[in-house]
Every structure is written in structure tokens, then in C-alpha cells.
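As a plain string of letters, each chain reads:
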Amino acid sequence: MDDDQSAEETAFVVDEVSSIVKESLEAVIGRNTYEHKRVNQWTSGVVEQCLGQLSKLGKPFKYIVTCIIMQKNGAGLQSASSCFWDNTTDGSCTVRWENKHLYCIVSVFGLAI
Amino acid sequence: MEEYHSGDEVSFSPDEASNVVKECIEGIIGGVDYSQNKVNQWTASIVEHTLTQLVKQGKPFKYIVNCAVMQKSGAGLHTANSCYWDTTTDGSCTVRWENRTMYCVVSVFAVAIAL
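From first to last, the protein sequence lines stand for chains A and B. Start counting the first sequence at 1; every next residue gets the next number (the numbering used here). Start counting the second sequence at 1; every next residue gets the next number (the numbering used here).
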């Protein structure tokens, strides 16, 4: 139906965003070990790649992408976020990813224009 | 109009937000040591408290507040963020805080609401 299709085109679709994030992580970090000198490029690479793919979706949203990378050495890490927005149109998606040497948390927030 | 200065572009003030964040962090984890049992409550309180204070300012913004708390144990931590928005009206501010046993990074993102 036309109505369903236009709603789909302008809604924040968590699954779609989640796959974009996972692909970016695999592509940028993949199986690399935590390297202090390169981690800077990785975090920038991941957020920029995600943002590029998201804007290509052409939906009427403003996006915020955040990425945290932490070395695996037994430390505890806790992350939380709170949002003041329009529940009917805005959404977020958080992806927790890891490989043998590091943890990565990427959050995407989409706010309808 | 008395209530709202229409015609004035209200933009985000990172300094003001930064102060709000620092006060919230100090208030909640100021003098305490990292505790795995409590860290859950701390991050939740920090984001909620910060959000409440920001909303009280009454500005026409949607807000996202993000907080990460990490135990100091020698591990490396790196964070980055990227935003696709209207650079004239929207903005963000990140506060890095630490005490003897933990690091805390709080980011506030403010997106203008079209009136």
C-alpha cells in the first residue's frame, strides 16, 4: 500500500541502521589488534563511513554517530544515553561489537527533520 | 513577542552545557571509587540529571546525552563522534572527567527544533 511505503521511507529503521554499522566495523577494524597509534583512525573511519552510508539512505533525518573503542584488559566499561526528542519520529540504535583484542560500541541517533 | 525572541537565532552554548555536565558528574561520582555494582546507576543518573537540567533551560532543542564510565586499569579507550545536521543551529559538547579510580566521558548533542 502507498501509505505503508511512505511510512517506511521516512521512519528510523533499526535493523537497516544496525547492518550499516556492522559492515562499517568489519571493514574498518575487522580482526586488528588494539593499536594505540591506529585507534584514532579507526574511530574516525567508523563514524565517517556509517554517516556516509546513512546519508545515502536519503531519509529526512539528522544523524549523530558515536563510537567507543576499548582495549580488552579486564577493565569495566559502562555507557548510557538519555534523549529528549519526539518519540514518534526519532530513534536510536546501539551496536556492541568485539573481536579478540578490543570492544567497540557504536550508537546511531536519528532525529526527524 | 515577550515569551520568545522570534527572529533571534538561538544556538547551542557549549560552555553552558559543559558547566551543567560537570556539576552533574561531581554530584554523582565526585568522591567515590569505581564499583561494578553501582556503575549502572551512576551512568543512568548522570544522563538523566544532565538531561533534566538542560531541558529546564527552556531552549528549543532536542537533546541526546551520552555517558561512558571506565575503570582505570591501564586499558586504552578511544571515542569519536560524527554528526550530520545543520551546523548553524546544532551543536555538541564533550566533557572528560576523572578521579583516582575511573574516567568519565559525557557528550551532549543538541539539535534545533524547527518552530
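By construction, these hints were calculated from the structure, which means they are not laboratory data. All C-beta atoms, glycine included, are put in the ideal place defined by N, C-alpha and C. Careful: at least some of the hints might be erroneous.
[To be verified] Pair by pair, the computed Cβ-Cβ distance ranges are:
#1 V13/A to E98/B: 17 to 25 Å
#2 T94/A to Q41/B: 17 to 25 Å
#3 N19/B to S18/A: 31 to 39 Å
#4 K100/A to K59/B: 42 to 50 Å
#5 I113/A to Q53/B: 39 to 47 Å
#6 G31/B to G76/A: 29 to 37 Å
Hint check results:
Taking 17 to 25 Å as the suggested C-beta distance range, the pair V13/A and E98/B does not conform, at roughly 38 Å. Take T94/A and Q41/B: their Cβ atoms lie about 19 Å apart, and the range 17 to 25 Å holds. With their beta carbons about 35 Å apart, N19/B and S18/A fall inside the hinted range of 31 to 39 Å. Between K100/A and K59/B the CB atoms are about 45 Å apart, so this pair conforms to the stated range of 42 to 50 Å.
Evaluation of the 39 to 47 Å hint for I113/A and Q53/B yields a failure: the beta carbon distance comes to about 26 Å. The hinted window of 29 to 37 Å between G31/B and G76/A is violated, with their beta carbons roughly 19 Å apart.
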